[in-house]
Amino acid sequence: MFCYQCEQTDRSNADSGCATAKGMCGKDATTSDLQDLLVHGVKGIAQYAKRARALNAPDNAADDFILYAMFTTLTNVNFNATRFVAMIQEAAQIRDRVKASYMQAALASGLTPEELTGPAVWQPAADMDGMLKQAANVGINAGLDQVGPDIIGLRSLVLYGLKGVCAYAHHAYVLGKESNTIYAGIEDALDFLSSNPTDVEALLNQSMALGTLNLEVMALLDEANTGNFGAQQPTQVRITPIKGKAILVSGHDLGDLAALLEQTKDTGINIYTHGEMLPAHAYPKLKAYPHLVGNYGGAWQDQQKEFAEFPGAILMTSNCIIEPQAQYRQRIFTAGPVGWPGVRHISDKNFAPLIQAANALPGFKDDISEKFVTVGFGRDAVLGVADKVIDAVKSGAIQHFFLVGGCDGAAPGRNYYTEFAEQAPQDTVVMTLGCAKYRFNQHDFGDIGGIPRLLDIGQCNDSYSAIKIATALAGAFECGVNELPLSLVVSWFEQKAAAVLLTLLALGIRNIRLGPTLPAFLTPNLVQVLVDKFGLQPITTAQADIEASLTRKAA
Amino acid sequence: MNTHAIELTTRDGEQLRFECAADQNLLEAAANAHIILPAQCGQGNCGTCYADVTHGDFTLGKHNPAALPADDEAKGGTLLCCTFPKSDLRIDLPFDHDRILIGEIKIRNAEITAIDSVGENTLRLELRLAPNEDGGSVAEFEPGQFMELEVPDQDIKRAYSLANIGNWDGRLEFLIRLQPGGLFSTWLREQAAVGQTLIVHGPKGAFGLSESGLRPRWFVAGGTGLAPMLSMLRRMAEFQEPHPARLYFGANRAEELFCQTELKALQAELPQLQVIYCVWKPGNSWQGFCGTPVDALAQDLDSTTVLPDIYLCGPPALIDAAEAAAKAKGVPDKQVLSERFLPA
Numbered sequence: 000m001f002c003y004q005c006e007q008t009d010r011s012n013a014d015s016g017c018a019t020a021k022g023m024c025g026k027d028a029t030t031s032d033l034q035d036l037l038v039h040g041v042k043g044i045a046q047y048a049k050r051a052r053a054l055n056a057p058d059n060a061a062d063d064f065i066l067y068a069m070f071t072t073l074t075n076v077n078f079n080a081t082r083f084v085a086m087i088q089e090a091a092q093i094r095d096r097v098k099a100s101y102m103q104a105a106l107a108s109g110l111t112p113e114e115l116t117g118p119a120v121w122q123p124a125a126d127m128d129g130m131l132k133q134a135a136n137v138g139i140n141a142g143l144d145q146v147g148p149d150i151i152g153l154r155s156l157v158l159y160g161l162k163g164v165c166a167y168a169h170h171a172y173v174l175g176k177e178s179n180t181i182y183a184g185i186e187d188a189l190d191f192l193s194s195n196p197t198d199v200e201a202l203l204n205q206s207m208a209l210g211t212l213n214l215e216v217m218a219l220l221d222e223a224n225t226g227n228f229g230a231q232q233p234t235q236v237r238i239t240p241i242k243g244k245a246i247l248v249s250g251h252d253l254g255d256l257a258a259l260l261e262q263t264k265d266t267g268i269n270i271y272t273h274g275e276m277l278p279a280h281a282y283p284k285l286k287a288y289p290h291l292v293g294n295y296g297g298a299w300q301d302q303q304k305e306f307a308e309f310p311g312a313i314l315m316t317s318n319c320i321i322e323p324q325a326q327y328r329q330r331i332f333t334a335g336p337v338g339w340p341g342v343r344h345i346s347d348k349n350f351a352p353l354i355q356a357a358n359a360l361p362g363f364k365d366d367i368s369e370k371f372v373t374v375g376f377g378r379d380a381v382l383g384v385a386d387k388v389i390d391a392v393k394s395g396a397i398q399h400f401f402l403v404g405g406c407d408g409a410a411p412g413r414n415y416y417t418e419f420a421e422q423a424p425q426d427t428v429v430m431t432l433g434c435a436k437y438r439f440n441q442h443d444f445g446d447i448g449g450i451p452r453l454l455d456i457g458q459c460n461d462s463y464s465a466i467k468i469a470t471a472l473a474g475a476f477e478c479g480v481n482e483l484p485l486s487l488v489v490s491w492f493e494q495k496a497a498a499v500l501l502t503l504l505a506l507g508i509r510n511i512r513l514g515p516t517l518p519a520f521l522t523p524n525l526v527q528v529l530v531d532k533f534g535l536q537p538i539t540t541a542q543a544d545i546e547a548s549l550t551r552k553a554a
Numbered sequence: 000m001n002t003h004a005i006e007l008t009t010r011d012g013e014q015l016r017f018e019c020a021a022d023q024n025l026l027e028a029a030a031n032a033h034i035i036l037p038a039q040c041g042q043g044n045c046g047t048c049y050a051d052v053t054h055g056d057f058t059l060g061k062h063n064p065a066a067l068p069a070d071d072e073a074k075g076g077t078l079l080c081c082t083f084p085k086s087d088l089r090i091d092l093p094f095d096h097d098r099i100l101i102g103e104i105k106i107r108n109a110e111i112t113a114i115d116s117v118g119e120n121t122l123r124l125e126l127r128l129a130p131n132e133d134g135g136s137v138a139e140f141e142p143g144q145f146m147e148l149e150v151p152d153q154d155i156k157r158a159y160s161l162a163n164i165g166n167w168d169g170r171l172e173f174l175i176r177l178q179p180g181g182l183f184s185t186w187l188r189e190q191a192a193v194g195q196t197l198i199v200h201g202p203k204g205a206f207g208l209s210e211s212g213l214r215p216r217w218f219v220a221g222g223t224g225l226a227p228m229l230s231m232l233r234r235m236a237e238f239q240e241p242h243p244a245r246l247y248f249g250a251n252r253a254e255e256l257f258c259q260t261e262l263k264a265l266q267a268e269l270p271q272l273q274v275i276y277c278v279w280k281p282g283n284s285w286q287g288f289c290g291t292p293v294d295a296l297a298q299d300l301d302s303t304t305v306l307p308d309i310y311l312c313g314p315p316a317l318i319d320a321a322e323a324a325a326k327a328k329g330v331p332d333k334q335v336l337s338e339r340f341l342p343a
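Protein chains in written order, with numbering that gives the first Met the number 0: chain A, 0 to 554; chain B, 0 to 343.
Chain A with its partners taken away, still in its complex shape (with noise of 0.2 Å):
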């Protein structure tokens, strides 16, 4: 195997990268390498759908089979062999479907069918060992000695992007809604992928291409959330357990949370939030079922604690799952993307044996007292007290805004964060979303003349939120965003983070910090261009960055 797709990676040697019999998230190396080979597979459905698509004759359910595949290959989400091999199978079976389609539609213009190459013309192998020794030659380290290690990191950011694009565009697709434009950038993405790229300002382009099609993904899964949970609204959510039976649902899909909601109700048995599922307390028509009753646990990282103690039964909808420990392995549940071996998947929303299992686990004895956080400050809400944020603005009672956010991880130097958000001067506004939060979020920010000091605006994809935010301010203040008294203080782990940053490029906005570290796939000659061309910077200390981020404001 050979991955260097998240943040955790191995760097115990002077090439950073998983390269062992097992990846640093647990992945093993022949799940690695089926993961390489599907990859391989979606690039030759992209391919014949690109071409079939502009001839009028898209295949949508082709589209979403390679959201779906590419969801399944982030950080975090699929460890079953298995799975991959049969995906494998059926990404050939879907090519050769758009395929004959294309050859149709060009044959009904009159066209000559283009000869294609590469994943186009690729046959999976009959049984599994064949196919590692077909992923052995797809993998992203494929041509680094032709190529060099700076076009192959170029090739990994455009993909490790695509994956993150492609993981958000599943989320908006699960909850109804797709965009013939999005699948059309998922298509060219790929292809371009598939004809091996050395050209680096063609790479770079593509990037940026990924970040602008990211936004309008995010755009939509925004719309699909809101659009069927309503906007999110202010909300204390209670942290604390209270006296029974006891479900935990960790991941992002709304979706799959509502759905459970539905066949809890009256049941008696209550429904926690983990992780990134947190924001889901803030729409109203989640909110509404009152047995939603709290968010247990922290992030990601603390799963195998926190899953063993939870006397319930666990619901993983998406990333990022660890390896499920003998204490909870019986009573965790996967459901779509997401897989681990020996662990019960449910493919269909049909929670029964999740109920089940709640029912017969003892649940929580006793209430615990009680203790809340404040979520839900998306744009409608932050943008419905906009004058009174910019009159704090204009009267200096808000000195500076920065934005805290990502995904959380285990590594020590996270600690930044928490520095961070907790060291910013008592005029400044810490905005947070995705899982990175917990790092700080019972702290006791207090408030600026009514306005809350942290504002929770929601899971990692809000960052359209942020964005939204961010945009009207600098109307407000007729400037660009850039020149508006906001620091972006970022902290990544996997592929969506990749895709978010992608997406913060492409607006142009600038002097990003990125930690704990850089992307393992960035040479020293890419972060260069990034460091010239987005001032993007990687952290320092706490303590340093705040001032020099204050610093620049008053420059």
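Hints may be right or wrong, so weigh each one.
Said to hold, decoys possible - BS3-like, lysine-lysine: derived pairs with alpha carbons at most 25 Å apart:
1) A:K264 with A:K284
2) A:K370 with A:K467
3) A:K176 with A:K242
4) B:K61 with A:K132
5) B:K156 with B:K105
6) A:K304 with A:K393
7) A:K370 with A:K242
8) B:K333 with A:K21
9) B:K333 with B:K203
10) A:K348 with A:K286
11) A:K284 with A:K304
12) A:K284 with A:K176
13) A:K364 with B:K105
14) B:K156 with A:K304
15) A:K304 with B:K203
16) B:K203 with A:K132
17) B:K156 with A:K21
Stated by the list, open to error - Negatives, chain A to chain B, calculated, CB over 10 Å:
18) A91
19) D126
20) K132
21) V146
22) I321
23) A391
24) Q398
Claimed, not checked - Chain A is faced by these chain B residues, among others (derived, beta-carbon under 8 Å):
25) Q39
26) G46
27) D70
28) A73
29) E210
30) E240
These are calculated hints, taken from the structure and not from any lab test.
Source: prediction; values computed, not measured.
Positions of the beta carbon are idealized from the N, C-alpha and C atoms, including for glycine.
Go by the hints and put chain B onto chain A.
Relative to chain A, chain B alone:
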């Protein structure tokens, strides 16, 4: 090999002790002692298992320097997942006791809900774990694991493999061969009755399905060695796992075979499952394979192109013979997994 005494002190002053061999990392040794310390990558890269050694010598294996800053290392800081003791060690943990999971073998009461004779000298014993205070009863175990069954107030305790799969009704199913003169067998034959209570210890054991992609799975069972195979096959059926699967089920005489109905039902749910009944001393009417399951296994290994994962359960002689046959046919050791039924 010598082991070293390891003493952990948590931030809130709790102490835990365990033994660690010189060639074992501290994280693993602690886990063996049911002390589950916070850790993630287990490979020296993430820094989650950082701790300070206050007394003693150790070797630090390959790790990511970023996960263990030099100044921390200089003052005795280490990563437990790549620390190997050279002496007894005293270690300060940078977190409170409540961050540590203590995994212990569960001991519970279970009521006998059925005792059925399923074949000559073979019983199917079904238990239901005593419900917790609000009526729930959870049987959590992995296919292939076993439980120790203890008769209260009598010095009778015996381990049996589970034949069913984890469930939320508290059901435990065992297949038990009545051994002449065996303590548990005698108790079962003479005293056991539906409604009585047993004490169950477990689940225990590491035997179980190996996740190696879609490689075919061949199960070889002698007598009640069928129990863990049934459990694994039932799990495969529940999850609709697509692996090609074969079961070689052997007995000395045709009358000693059992669970044919259950296996037929399994085949309906798991259509790729082939069942090969093997009888060593067949009567005239026997239509199936004549010989031991190992004979059948060896014969089929000759003609297969893909070497399968082989699961073995039964008396030691059967396992030894099957392992030898697999080796002779070139099946790699790591593809042969076994559980021996040893005399009590």
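Next item on the list: Check each numbered hint against the structure and report the violated ones by number, ascending.
Entry: Failing hints, ascending: 2, 3, 4, 6, 11, 14, 16, 17, 19, 22, 27 and 28.
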